[in-house]
Structure formats: C-alpha cells, structure tokens
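A.B. asks: Residue numbers (our numbering), protein chains in the order written: chain A, 521 to 849; chain B, 1066 to 1273.
No wet-lab data here; the hints were simulated from the structure. The model shown is predicted, which means the values in this text are computed figures rather than measured ones. Just so it is clear, CB atoms sit at the ideal spot from N, CA and C, and this is done for glycine as well. Treat the hints with care, as some may be off.
Heads up, simulated SDA-like pairs for lysine to any residue below, C-alpha to C-alpha not over 25 Å straight-line [said to hold, decoys possible]:
(1) A:Lys595 / B:Glu1270
(2) A:Lys594 / B:Lys1174
(3) A:Lys681 / B:Asp1173
(4) B:Lys1206 / A:Lys691
(5) B:Lys1206 / A:Cys546
(6) A:Lys710 / B:Pro1128
(7) A:Lys579 / A:Gln616
(8) A:Lys691 / A:Cys546
(9) A:Lys595 / B:Cys1097
(10) A:Lys595 / B:Asp1127
(11) A:Lys594 / B:Glu1176
(12) B:Lys1150 / A:Lys829
(13) B:Lys1206 / A:Leu555
(14) B:Lys1174 / A:Leu592
(15) A:Lys594 / B:Leu1170
(16) A:Lys710 / B:Glu1176
(17) A:Lys838 / A:His725
With beta-carbon atoms standing in for the labels, derived distance ranges [unchecked claim]:
(18) A:Asn665 / B:Asn1082: 43 to 49 Å
(19) A:Leu689 / B:Ala1211: 37 to 43 Å
(20) A:Arg696 / B:Asp1173: 26 to 32 Å
(21) B:Gly1138 / A:Arg650: 16 to 22 Å
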Amino acid sequence: MTLQTVSYTQHLGQSQAVGLDFEQICDLVNYGLILLSRDMTIAFWNLWMEKHSRLERDKVLGRHIGDIYPGLEKKGFFWKAQNVLTLGNFAFFSQQMHHYVFPMPSERYLSEGYEYMQQNVSLAPVRDLRGQTVQVLVTIADDTNAAIYMDRLEKTLATLKESNRTDYLTKVANRRYLTECLEAEIDLWKRKKSDFVFIILDIDHFKAVNDNLGHQCGDRVLTGLADFLRQNLRPYDKLGRYGGEEFCIILPQTGLNSGLKLAERLRAQVAQTSFACPDKEQEVTVTISMGLTSTENVAHLTADTVLYKADLALYEAKETGRNSIKCRL
Amino acid sequence: MKALSTEQAEAIQEIINIGFGRAASAVAQILCARLELSVPFVATVESDSVVEFLRQHFQNQDPVSLVQQSFYGNFMGEAALILPKGSSQVLVEMLSSDMGYVPELDADKLEQEVLLEIGNLVIGASLGQFAALLQTRVAFKPPHVAQEMLCSDDFQRRVSQVKGGALLVRTSFRIKEKMVSGYLFFFLSAQCLEWLIQAVDKFLEEQT
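Bound-form chain B, shown alone (with noise of 0.2 Å):
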C-alpha cells in the first residue's frame, strides 16, 4: 500500500481532531458523561502491526469486547471499538441509571446489547463528523460484537487474511466519569486513499 506523506498524515490527523472535538461534545449529551477522544495517530499499515498493538496494550486483559461496525460512502472501511472485558457491566448501569435506555432483553443480551449501541454512538458521530467536515457522507453498516482472545492464533489468523494494507487511524477514548476506556481504529480501505488526500487537500484549501 502506497505510504502517506508526513504532510498528508498531520492533515488527516488534524481533520479528525476536529471532527474527535465535535463527536465528543454531540456524544455527551447522549451519555450524560464526557468523552475523550486523544489526539489519533493516522499511519498505513499492514493488519499485523494492529493485533500487536493490541496484544501489547491489553496485557493480561483478555478477552476483550471487541465492537466491529462496516462504513461506506466516498471513503469506506471498517470501525473497531476495543474494550477490556468487565466494561460491559459499567456500560449497562452507565446507560440504564443515566440515560434511561432499558430495553427489555435478558442480562446476557443486555451487555452485548449496550456494547453495540456505545459502539455504535461513538464511531458513527466519530465518522460522521470527519466526513461532514470533508463534505461528504457516510452510511453505516450494523454493529457487530465479540469477545476476542488477542492472543489466541485464530485472532491473528482472522485479521491477517485483510489483504493489502489500511490507513489506520487510531485513538484512546474514555468516558471519564464512569472511567471505561479503550482504543477506536478506523482501517479506511486503500481504494479510498487517492480520495481522500484529495479531500484532505481541499479542505486545507478551505480553511487558508
């Protein structure tokens, strides 16, 4: 996969940035909590170097709660929100006590169920505010959720079969009050690149 310039990377890094600042603020009016999401770390990658990562930065945290949601549009790809496990239980009370959402569903179905709608939250206003700022539009596939064992050989196997590349945008986020935190990546599919340094360059232009 062809490599970002540095130029091209800050630009995408600080795009999201601002699209990060205005999810934050739309989101915690949902989850009546605030939501940090740190400054991302933009870089092509192969899928490898991502379950290293992953593996380094949940030691002895297995398994985790690994949200999984596809998007489309004029830059496309796949979302993954990454939780280490017990995050559920927190999530369950945090959207019950706080926000009033209680769908009838047994406890084990209510847990996946919270976990797929906080993913769903953060990555959609996360994506959905990066491409209101690059004048375009995304639509979302539905979530999906999984307890993944990082270090089992079927993890790795299962993303390592992702052929060809990904521009990985990568950020920590914490809803600080209820003190759950986790990784946000977006693996934006190489065919979207040339797109989307297009895109990139005429917002720049925009803003001088």
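Here chain A stands alone, though its shape is the one from the complex (with noise of 0.2 Å):
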C-alpha cells in the first residue's frame, strides 16, 4: 500500500497535492504511528504498531481502533479525537498521568520494569487540500526507560528524604523532624483549636550506664527504649530523640489528663523493662523522668514555649528525685 498525502505551501488557495510513498519512511521510525479516519477506523498501522501489538496490518485495516483496544473509552481517548477532529488541535496522553493508551507488553528481560509498556501518546490532525481536518495520526512513544529512571529517583529522593528525618542510632524521628511536627501540630491547634500534649524525657544516669557498662551497651538502652516507646504509643503520636538520652513525644488531640495518664503508663512499664548488653551477660534496667505541658487552656503557643514548659518540667522531675513525671502548663 502506498500512503498518499499532500504537501501544503504557506499559499493556502494554492495546494499542490505530491504523491509521495511514505509508508517505507513510517515503517523505519521508532515510534506507533496509527492513521484514523473520521469514523474512528484504522486507515494506516505501521511496522511498530504491528511487532509491538502483535496484530499484522493486514488483521486490522479498516477496523474500528475501540474493537482492538476496548479499554479506549476509558482512557478518554474518544473525545480527545473528536476534539483533534472538531478543533484540529492536537491532543496528548502523557505517560505521568497515564502510563499507557494501547496495553502492549512490556518486553524486558534485563532490568525490571512494568508489565505494559509506558506511553507518551499524541493525537494530530491530518488535513484534506481545503484545510480540513479528516483524520487522525496517532503517535507512541515508548517511555518505559524513562518511566523506570524517574521511578528509582522517585525512590531514592524518598529514602533520602527519609534518611533526613530520621535519627541514625533508634530510627525515630530526628530532632529536626520533631521541630517541623512540633511546628504542625502548633499551626493545626492555632486554626481548629486542637489539644496535643508534648512530653520530654530524659534517661536517670545514663552517663553511669556508659561509663560502666560502655557506650555498646548505652547505644542498646537507648535503641531498645526507642522501641518499647514506639509500640506503645499510638499510629499517630510522634516520637522524636532530641538529644543525647532525650526522647521528645507529641500526643495529638489529646487532653491533659489523658496525657498524664499514658505518661504515668510509660514510666511505670520503662522502670520494669530490661535491655539486655550486647556481648554481655546481663541485662540494664533503667528509669526515665519526663516532663509535660499541655495547650489546654492556653491562649497563645509558640514552639519555644512549649519546648521551654516542658523542659522546666523535666528539670522539676530531676530535682525532686527522678523516676516521675512533672507538669508545668
């Protein structure tokens, strides 16, 4: 079959139609190039269209292209057609928004990818010698190495992201992170008048449990504790280390009392907890004093006066003994 068309000059009355066989040239290109017809039929398919669909020219001239693909109709693709056809605009599909138009395997074997093969997919108007527009040219381009580059990068700026957040040694949040929720959770209270509780809490004679037992065993008191702190505690509360052998804890929508309550239940199970030493045959128990605020009742909060609250409070647990917890509101 030779694929006739025209060439246009800048002189719109004056057309000059050229045939030309193009149909070689379409078959060279690295692209799908589908040709449709006003009444949605397929006039052209070339040679990429046939090896990636695995369905020979021949098997679909003339069909219509939703009898092939019938998941089309979905994708929307039948009004951006009409649109190209109505307006003579062009009409895209970008792999981002949609992976794939035409589901064609994905034939990788030496790297993962996707089961279907990613598409960028532009819709184009092909036009008669009065400069209407009669057809439709369909283009894809095969984006799956693209689609799995940005899918590694995507991940590593997660973990990176991650990384940024995180305390190296007890993988809670680092203080950086707790500042950013601790700023957060400020913002949500301002605008809805949320109660959260913020408690800081600091290991009793932790220099003791370096200095004699070393710093191996200190790193496992202070990962083992971050632990325990983490299963008990809420999906939503926010645990960040904040310092050296301070752990800092955010209780959204949580009053005074309930907070004093869950605080009390920490301490009591923290003092009953054992942490065993790496290549040591024995095992550390410790206790934690904590000191919380609330932002029941208060009329103005800003991060450092919540930090400041509580860390008055800690100070105040410390001196009448450690192993309790004090308030300052």
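Join the two chains, each given in its own frame, into one complex according to the hints.
C.D. replies: In structure tokens form, the structure reads like this:
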C-alpha cells in the first residue's frame, strides 16, 4: 500500500498534491503510527505497531480502533480524538498521567520494568486540500526507560528524605523533623483548637550506663527504649530523639488528663523493662524522668514556649528524685 | 530585542483578536460554555515584566496553576495559561458533568489532567486560528502543568533565565458560566518576529 499524502505550501488558496511513498519511512521510525479516519477506523498501521501490538496490519486495517483496544473509552481517547477532528488541535496523553493508552507487553529481560509498555501518546490533525481535518494521526512513543529511571529517582529521593528526618541510631524522628512536627501541630491548634500534649523524657543516670558498661550498651538502651516507646504509642503520636538521651513525644488530639495517664503508664513500664547489653551476660534496667505540658486553656502558643515549659517540668522531675513526671502549664 | 512599531503591534493585535473570536466559538462547542477572550495586549517585553504583572494580578492567590506549552512552525515560542488556585476543581466538575470526559485517574491526577486539557484546548485553538489567518500551521509539544508560587524567588529566577525578550500577547479569558478566569500569554521567539511582521503585512494587504 502506498500512503498518499499532500504537502501544503504557505498559500492555502493554492495547494499542490504530491504523491509520496511514505510507507517505508513510516516503517523505519521508532514510534507507533496509527492513522484513523473520522469514524475511528484504522487507515494505516506501521511496522512498529505491528511488532509491538502483535497484530499484523492486514488484520486491523478498516477496523474500529475501539474493537481492538476496548479500554480506550475509559482513557478518554475518543473524546480527545473528536476534539482533534472538530478543532484541528493536537491532543496528548502523558505517561505520567496515564501510564499507557494502548496495552502492549513491556518486553524487558535484563532489568525490572512494567507489565505494559509506558507510553507518551499524541494525536495530530491530518488535513485535506481544503484544510479540513479529516484524519487523526496517533503517535506512540515508548517511554518505559524514562519511567523506570523516574521511579528509581523517586525512590532515592524518598529514602533521602526519610534519612534526613530520621535519627541514625534509634530510627525515630530526628530533632529537625520533630521540630517540624511540633510546628505543624501548633498550626493545627491555631486553626482548629486541637489540643495536644508534649513530653520531654530523659533517661536517668545514663552517663553511668555508658561509663560502667560501655557505649555499646548505652546505644542498646537507647534503641531498646525507642523501640519500646514506639510500640506503646498510638500510630499518630510522634516520637523523636531530641538529643543524647532525651526523647520527645507529641500526643495529638490529647487532653491533659489523658496525656498524664499515658505518660505514667510509660514511666512505670520502662522501670520494669530490661535491656540486654551486647556481649555481656547482663541486662540493664533504667528509669526515665518526664516533663509534660499541655495546650489546654492556653491563649498563645509557640514552639519555644512548649519546649520551655516541658523542659522546666523535666528539670523539676530530676530535682525531686527522678523516675517521675512533672507538669507545667 | 527590536521593538514593534505601534502600527505593527496594532496589526498583530487585530489578527490575533479575529483568531480569538473563532477559537472561542469553536471551544464553546467542546466546553458547552462560552469562552470569552479579551482583546489582546501586544508588546515586546523582557521576562521580568511578566512576573511583575502576574504578581499584581494574582495577589493573595498563590499558588497559581500554570499550564505551559511550546509550539513551533513559522513562528515558535511558548504559551502559558494561568489560573488562580481552586480553579481545577471547578474544571473537573465541568468536564465530567457537562462533557462526559471522565478518564479513570486518581483524584489528584484528574485535576492535573483537566488543567492540561483545558490549557491544550484554549492554547491550541487560539494559536491555531491565528496561524490559519496567517496561512501557516503550528505544531504543539505536550503541555505541562505546575503549581507556582509567584512570590517565590525560584519562579522569578527561572523566568528571568529566558534571555532576549519575547513578543508578548496577553489576554484575559473567562469561561462564563463557570466563573473561571485567568490569563493567557504567548511568548513568541524574537527570531520569528521578522517572519511574523511580513505575514501580518501580507494579511492586511489581502484584506484591503
């Protein structure tokens, strides 16, 4: 079959029909090319389409494209194609939005990939000698490689973002992220008066653990305590390491009484918990002191005032015997 | 960049305005709503002035939705459709309920897709009609959409990197029944200006 087309000069009043055999050229390009008539039947199907769809052209020519790919309606394909015919516009389906328009197997053997080829698809108007749009040229570009690279990049960025927020040793939030969470909670309180409780806790006599049993044992206590706290908090509570042996807890949507009950439960359970030291046949028990503050009945709030009050309360807990909870409002 | 004479700017303005009229009626069939495009403002500009204009007209509406699309042919450049925040939801409802365009996409992707589609339709129709009047064609690259903070230094820096200035065509547009409005900009490459002036002169000669 010889694909006839016309070339347009700049003077629409004088068009010159030139017969050109484009079929060979169309079969050489590294894109899928489908020419659709106004009734959406297939007028041309290039070699790339044949090989990637596994449908020979003589089996598809003259058939409605929707019969071959029933999913096109749900993609909005016919809506866009009609706009091309009506307005003479171009239309596009990007891989980022749609992943693919024509389901074709993604034939990758040496690396991970997608089940279906990822595609960028464009629809272009093909005009007759009078300048009327009479056909739609569908171009399909295989964008699978770019999609895979984008996935890898997004995963790497997510990992980087997570590591920027996470304390290396204990895997809880680091101080920077904890501060961001506190500020976000304060914003929410300002907008919706959603009360929260903030706790700073400190391991009692932690220096002695390091001095007497070594820093590896000290690290084991820190990670063990972090694990314990994480398992005993609600999924939406925020836990972070504020510094050396200090941790902070944000209890969203929590009143003072509930916060105090939870803090007391944690304190008592920590005192009953043993942490095994590596390479030593002994277990360590520690206690924690806690300073707590609440937003109940508070008129103004900043991150600094929250930290200040909780810190003062912690100091009072340390000064009055440790292994206790004090509160400042 | 060489400045346009008043006569040249007015000529371009007239032709674009005719094109806009045709585009508006064509797009109205698709949108099932009237598209109004105001008489365009045409001038040669540097990029910075565009940023300042946007900041003034979209005060307190950051971030805005920005649909950008490159085009090429005898004249080439970039078009931008700028909509205030919150427009995308109205447009989603419009496309799905009025026009039956409901592609299977997640909610956040659907909003982006709708912005892309509206941008593609309005930009394509406007520039397509303008090109047809000048007896030429333009082809388009896929559009891109972004949420931009106009007040950000990053936006200013990126726009300012466009060197050499451009021919600016600015119009306001409104989808009347849906109370959606924004701005449409065309940045036409300075290299095409000579061709454009000749084509405009030829068009005007043929009209007389």
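A.B. asks: Indicate whether the distance between the beta carbons of A:Asn665 and B:Asn1082 respects the range 43 to 49 Å.
C.D. replies: Holds: the Cβ-Cβ distance is about 45 Å, inside 43 to 49 Å.
A.B. asks: Hint says 26 to 32 Å; check whether the CB-CB distance for A:Arg696 and B:Asp1173 agrees.
C.D. replies: Taking Cβ atoms as reference, A:Arg696 and B:Asp1173 lie about 27 Å apart, which means the hint holds.
A.B. asks: Under the criterion that the straight-line Cα-Cα distance not exceed 25 Å, is the pair A:Lys691, A:Cys546 satisfied?
C.D. replies: Judged against 25 Å, a Cα distance of about 56 Å means the pair is violated.
A.B. asks: Next pair to validate is A:Lys595 with B:Glu1270; report whether the Cα-Cα distance is within 25 Å.
C.D. replies: violated, 46 Å
A.B. asks: Would you mind confirming whether the straight-line C-alpha gap from A:Lys579 to A:Gln616 stays at or under 25 Å?
C.D. replies: violated, 31 Å
A.B. asks: Below or equal to 25 Å on CA atoms is what counts here, so check A:Lys594 against B:Leu1170.
C.D. replies: Holds, at roughly 10 Å.
A.B. asks: Hey, B:Lys1206 versus A:Lys691, does the alpha-carbon distance stay inside 25 Å?
C.D. replies: Violated: B:Lys1206 and A:Lys691 sit about 45 Å apart, past 25 Å.
A.B. asks: Hey, B:Lys1174 versus A:Leu592, does the alpha-carbon distance stay inside 25 Å?
C.D. replies: Measuring from Cα to Cα gives roughly 18 Å; hence the hint holds.
A.B. asks: Please verify whether A:Lys594 and B:Lys1174 have alpha carbons no more than 25 Å apart.
C.D. replies: Given pair A:Lys594, B:Lys1174 holds - Cα atoms ~15 Å apart, limit 25 Å.
A.B. asks: Confirm or reject the claim that A:Leu689 and B:Ala1211 have a C-beta distance inside 37 to 43 Å.
C.D. replies: holds, 39 Å
A.B. asks: Taking only the CA atoms, is the gap from A:Lys595 to B:Asp1127 under or equal to 25 Å?
C.D. replies: Judged against 25 Å, a Cα distance of about 31 Å means the pair is violated.
A.B. asks: Is A:Lys710 within 25 Å of B:Glu1176, Cα to Cα?
C.D. replies: With a Cα-Cα distance of about 29 Å, the restraint between A:Lys710 and B:Glu1176 is violated, given a limit of 25 Å.
The earlier numbered hints that this structure contradicts are 1, 4, 7, 8, 10, 12, 16.
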